[in-house]
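In order, the protein sequences belong to chains A and B.
Heads up, this note's numbering is the position in the first sequence plus 1, with the first residue counted as 1.
Heads up, this note's numbering is the position in the second sequence plus 1, with the first residue counted as 1.
Since the hints were made in silico from the structure, they are not lab data.
Ideal Cβ placement from N, Cα and C applies to all residues, glycine included.
Keep in mind that a hint or two might mislead.
To be verified - Okay, derived cross-link-like pairs now, SDA-like style, lysine to any residue, Cα gap no bigger than 20 angstroms in a straight line:
| no. | chain 1 | residue 1 | chain 2 | residue 2 |
| --- | --- | --- | --- | --- |
| 1 | B | Lys-399 | A | Val-252 |
| 2 | B | Lys-260 | A | Gly-139 |
| 3 | B | Lys-399 | A | Val-225 |
| 4 | A | Lys-20 | B | Lys-157 |
| 5 | B | Lys-435 | A | Gln-53 |
| 6 | B | Lys-399 | A | Tyr-249 |
| 7 | B | Lys-435 | A | Pro-250 |
| 8 | A | Lys-38 | A | Ala-61 |
| 9 | B | Lys-138 | B | Lys-260 |
| 10 | B | Lys-399 | A | Leu-49 |
| 11 | B | Lys-157 | B | Gln-485 |
As the list claims (entries may be wrong) - Just the calculated beta-carbon pair ranges, DEER-fashion:
| no. | chain 1 | residue 1 | chain 2 | residue 2 | range |
| --- | --- | --- | --- | --- | --- |
| 12 | B | Ala-386 | A | Glu-39 | 14 to 22 angstroms |
| 13 | B | Asp-388 | A | Leu-253 | 50 to 58 angstroms |
| 14 | A | Val-122 | B | Thr-229 | 37 to 45 angstroms |
| 15 | B | Thr-179 | A | Pro-54 | 42 to 50 angstroms |
| 16 | A | Leu-253 | B | Ala-340 | 49 to 57 angstroms |
| 17 | B | Ala-340 | A | Asn-267 | 25 to 33 angstroms |
| 18 | B | Gln-485 | A | Gly-43 | 55 to 63 angstroms |
| 19 | B | Asp-215 | A | Asp-146 | 38 to 46 angstroms |
| 20 | B | Arg-175 | A | Thr-259 | 54 to 62 angstroms |
| 21 | B | Asp-388 | A | Ile-152 | 50 to 58 angstroms |
| 22 | B | Asp-372 | A | Thr-110 | 44 to 52 angstroms |
| 23 | B | Glu-383 | A | Leu-41 | 56 to 64 angstroms |
| 24 | A | Glu-39 | B | Gln-115 | 54 to 62 angstroms |
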Amino acid sequence: MINPATRGELGPEWVEERKKALGLDRPMIYRYGIWLKELLSGNLGYSLVGGQPVAEQIGARIGPTLLLMVSAITLGTVIGIPLGVYSALRPNSWTDYLLTIFGFLAISTPVFFLGLASMYVFAVNLKWLPTSGMRTLGIPASTTDLIKHMIMPVSVLALVHIPLVMRYTRASMIESFRQDYVTTARAKGLRERAVVIWHAFRNALIPLITIIGLSLPELLSGAVITETIFQWPGMGLLAMRAVNARDYPLVLGVILVTACMVLISNLIADLCYAVADPRIRYR
Amino acid sequence: MSKPTSLDRFNVSRRDLIKTSTGAAAGMALAGGLAASPSIDSVAAQDSGTALQLGRESEFAAIFAPYHISTGGQTQVMDLIYSRLLKVRDDLSFEPDLAESWEVNEDATVYTFQIREGVTWTDGEPLTIDDIIFTYKTALIPETAASQAGKLRQIKGATAFYDGEADEIEGLERVDDTTLRITLEQPNVAFLTGTAGSSTLIWVLPEHIFSGVDLANIDQAPESLAPTVGSGAYQFVEYVPDQYVSFTANPNYHLGAPKIEQVFLRLAEPATQLAQLESGEIHLLSRMAPKEAARLEGNETVTVISTQGVGVFQTAVNNERFPDKRLRQAMMYGTDRNALLEAVLLGQGELVFSTVIGPEWAVFDDLNTYDFDPEKARALLEEMAWDSEQSIELTWSKGSQTVELAAPVFQQQMADIGIKIELAPFESAAYVDKVVNDPDFDMAWFGGGSYRLDPDVSSNYYMTVNWTPNGGNTTHYSNEELDQLFLDGRATSDIDTRREIYHQVALILNEDVPTSSGGRTIRSSGSIASCRDCCPDRTSTSGGTSRTGASPNSFPATRCRHSGGSALISLVQTLRSGQPWVGTFFVVSLYRFQCSFSSRSSHLPWSIWPREIRSRR
Chain A
2 MINPATRGEL GPEWVEERKK ALGLDRPMIY RYGIWLKELL SGNLGYSLVG
52 GQPVAEQIGA RIGPTLLLMV SAITLGTVIG IPLGVYSALR PNSWTDYLLT
102 IFGFLAISTP VFFLGLASMY VFAVNLKWLP TSGMRTLGIP ASTTDLIKHM
152 IMPVSVLALV HIPLVMRYTR ASMIESFRQD YVTTARAKGL RERAVVIWHA
202 FRNALIPLIT IIGLSLPELL SGAVITETIF QWPGMGLLAM RAVNARDYPL
252 VLGVILVTAC MVLISNLIAD LCYAVADPRI RYR
Chain B
2 MSKPTSLDRF NVSRRDLIKT STGAAAGMAL AGGLAASPSI DSVAAQDSGT
52 ALQLGRESEF AAIFAPYHIS TGGQTQVMDL IYSRLLKVRD DLSFEPDLAE
102 SWEVNEDATV YTFQIREGVT WTDGEPLTID DIIFTYKTAL IPETAASQAG
152 KLRQIKGATA FYDGEADEIE GLERVDDTTL RITLEQPNVA FLTGTAGSST
202 LIWVLPEHIF SGVDLANIDQ APESLAPTVG SGAYQFVEYV PDQYVSFTAN
252 PNYHLGAPKI EQVFLRLAEP ATQLAQLESG EIHLLSRMAP KEAARLEGNE
302 TVTVISTQGV GVFQTAVNNE RFPDKRLRQA MMYGTDRNAL LEAVLLGQGE
352 LVFSTVIGPE WAVFDDLNTY DFDPEKARAL LEEMAWDSEQ SIELTWSKGS
402 QTVELAAPVF QQQMADIGIK IELAPFESAA YVDKVVNDPD FDMAWFGGGS
452 YRLDPDVSSN YYMTVNWTPN GGNTTHYSNE ELDQLFLDGR ATSDIDTRRE
502 IYHQVALILN EDVPTSSGGR TIRSSGSIAS CRDCCPDRTS TSGGTSRTGA
552 SPNSFPATRC RHSGGSALIS LVQTLRSGQP WVGTFFVVSL YRFQCSFSSR
602 SSHLPWSIWP REIRSRR
């Protein structure tokens, strides 16, 4: 910390010297080169607030974020797909309408409201679950305790994910049912279950892969609002703090990780297309 | 522990005056800031053993060097892990901490402290007078950029030392192994009042740990990031970003081992904190928006206690960028502070017109009240040829719900008179950097302070010598006449003379509006679970300091029954001596907001500064 009064006395030579020491006298492209070089060796720079290495701060958040997001997306997908298939099998029935209404409600309720409302119901009123954080302070950490702390944030995130998966599955399945190969499959006397799973659903996978692929970056970028409400020490919360503090190196680091994750998810999704649909092949 | 309520009390002797008045001030701070009443109903929502859970806002500045403490959270950490020369009782008198006793000479220039023997650091090393001298000297080394430096330059020879012209500080003497003598350049009857603001009584650092530290980067030194060697009732364990700061009891604490094993400062968003409080996961929340406090009034498990605040909400315009006082005056006239007070603090505050707001003998009613008058504001701006295209960036530390509510209203009102305001909230640590450590801001909004303790408290914020980062003069306001008045005010303990001097001070601050004072919080609240058996029969002593620095000790059992202020004290006592409540928990939520509209700070025009102080302990 430089005392401004002292800094005034230090004079322009000192400022020049500092600039040189920090490499600020070089052209921007050169500095970018240095940054890239450092990046390749794993150095993401240092936080402006507190001065800790950015890589270290991000590293500390990856575990909790992955834990939260993998659970939430898995749960959302595992529940969303069967619901979608179920809806598609009985389009326009009352169960379909009910699920549709549920979907609209879940997807249009703001996450912070869902989070706070569930906190009030399950933590404050019923006292079944802890409000926030990753562990109960004052007692040794345990898996049961961790799971208790995960239930609410994971459920809230899954609740938002379910309608997305469900609606896409439904639309895509209905589309499949209209295809000639489904009629053919039924005509050759296959059981309905086989028709649904092996013929209709398999062909309905493409849009689903797209949707799930799009949510994969969240695995590392975290969920800003949910993490903030539940005080979950993940990337979302870190990103939020970095932005609030105008901590540019940290913001840069978080964005870099997120951007990489987007590219990787796209690649994974593309590869999955080929697996799901043999007609799509890369030569 | 008599309450200094009458002026007679002040005439006893100068020394008494000093002790009582400063004590009174601090006590007010305590009573004002902390409130809570203990309740013993155990809150069984969480099975947390003997751990006390305190709530803290998540925008937590993790800077643990005593020289750069500017937020309630940091103060709380410091008070738990380090000790100071003296603490302040709940009746506002001082009580011994590291100093067993102290004396002030007739003309208030020589302060002599008898240092307690046998105190050890948590690593077993003895805490000696050398540690104390080291701590004070370090504060006066320019590289440290200590916030106490300005105020400590009252010490004889400190300026020469600061400027590098002397190796020792003449007025900071080690008389013998247990006697410390501080000699001031000029008399100051209010020298010790700095306790409340931690500016003259710094938390003492271990020399054997900190002697080699690079002072320019003391905040980032490993010794500061994890200050495990301390001398407080608790020892620092760890800080987990966005989660908690944890502490464990110091069995060798010089005032007696605390009975509660662990203390956690839990960090969370305000909305989450309320849920934590209601579910019993945290036991004390010391700052709460008035709206939330009102909602919790009827809650069975939470007791809300309000006490009178001692601070003021203020806006501070950077004087170096906007030197014309008419801008600040226009802002004062252009702000409907009464409406803001009503809307934001739900009327639980009062407007003030300067930061000289007490004690009782220093309250003046002939100040310009800057009644809402947009026409006058526009006229002032026209007169100074204000460019309505120029925008002013308004900065505050994120997390203060009060400021967050008020800022957009202020922005709108300023737009009406032709001042363009841009809102720029910053995360706590970044805010401190921008406004205090390395000033680079147009206008800031903050609250707090302990102005009611003594009118001299204001000197820290307006004297030229106290420009940030060497003091609290955020706005870099400078007025020779005012500087001299503050010096004169310290030099005498005669109440009538002081009243006259501070009347002048108030008039200048009122006219120049160096910071625009908004309002003062009239009360703060805390809350506690149902209060049966709330006052165990005991008069143990223990101390602590509130956010404003007061530390209670030995309060009679009867007092805690209904007095809000004592609950906090009891809580602190529990922390320190702990007997009665180990294993049972009170839920205390305490909120204190102060909104004072005073005018002071370099140019802050209106000010509403509702300020919430949440200190929970």
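Hints, one by one, checked against the model:
1. B:Lys-399 with A:Val-252: With a Cα-Cα distance of about 18 angstroms, the restraint between Lys-399 of chain B and Val-252 of chain A holds, given a limit of 20 angstroms.
2. B:Lys-260 with A:Gly-139: 15 angstroms, holds
3. B:Lys-399 with A:Val-225: 17 angstroms, holds
4. A:Lys-20 with B:Lys-157: Given that 20 angstroms is the threshold and the Cα spacing comes to 38 angstroms, the pair is violated.
5. B:Lys-435 with A:Gln-53: 19 angstroms, holds
6. B:Lys-399 with A:Tyr-249: 18 angstroms, holds
7. B:Lys-435 with A:Pro-250: 17 angstroms, holds
8. A:Lys-38 with A:Ala-61: 23 angstroms, violated
9. B:Lys-138 with B:Lys-260: Distance ~35 angstroms between Lys-138 of chain B and Lys-260 of chain B Cα, so the pair is violated.
10. B:Lys-399 with A:Leu-49: 17 angstroms, holds
11. B:Lys-157 with B:Gln-485: 18 angstroms, holds
12. B:Ala-386 with A:Glu-39: 14 to 22 angstroms: Because 50 angstroms falls outside the window, the suggested range is violated.
13. B:Asp-388 with A:Leu-253: 50 to 58 angstroms: Distance hint for Asp-388 of chain B, Leu-253 of chain A is violated at roughly 35 angstroms.
14. A:Val-122 with B:Thr-229: 37 to 45 angstroms: Between Val-122 of chain A and Thr-229 of chain B, where Cβ atoms are some 40 angstroms apart, the hint holds.
15. B:Thr-179 with A:Pro-54: 42 to 50 angstroms: 45 angstroms, holds
16. A:Leu-253 with B:Ala-340: 49 to 57 angstroms: 43 angstroms, violated
17. B:Ala-340 with A:Asn-267: 25 to 33 angstroms: 53 angstroms, violated
18. B:Gln-485 with A:Gly-43: 55 to 63 angstroms: Holds, since Gln-485 of chain B and Gly-43 of chain A (Cβ atoms, about 58 angstroms apart) stay within the stated range.
19. B:Asp-215 with A:Asp-146: 38 to 46 angstroms: 40 angstroms, holds
20. B:Arg-175 with A:Thr-259: 54 to 62 angstroms: At roughly 57 angstroms between Cβ atoms, Thr-259 of chain A and Arg-175 of chain B fall inside 54 to 62 angstroms, so the hint holds.
21. B:Asp-388 with A:Ile-152: 50 to 58 angstroms: 56 angstroms, holds
22. B:Asp-372 with A:Thr-110: 44 to 52 angstroms: Since Asp-372 of chain B and Thr-110 of chain A have Cβ atoms about 46 angstroms apart, the given range 44 to 52 angstroms holds.
23. B:Glu-383 with A:Leu-41: 56 to 64 angstroms: Cβ of Glu-383 of chain B to Cβ of Leu-41 of chain A: about 59 angstroms, so the range 56 to 64 angstroms holds.
24. A:Glu-39 with B:Gln-115: 54 to 62 angstroms: Holds, at about 55 angstroms.
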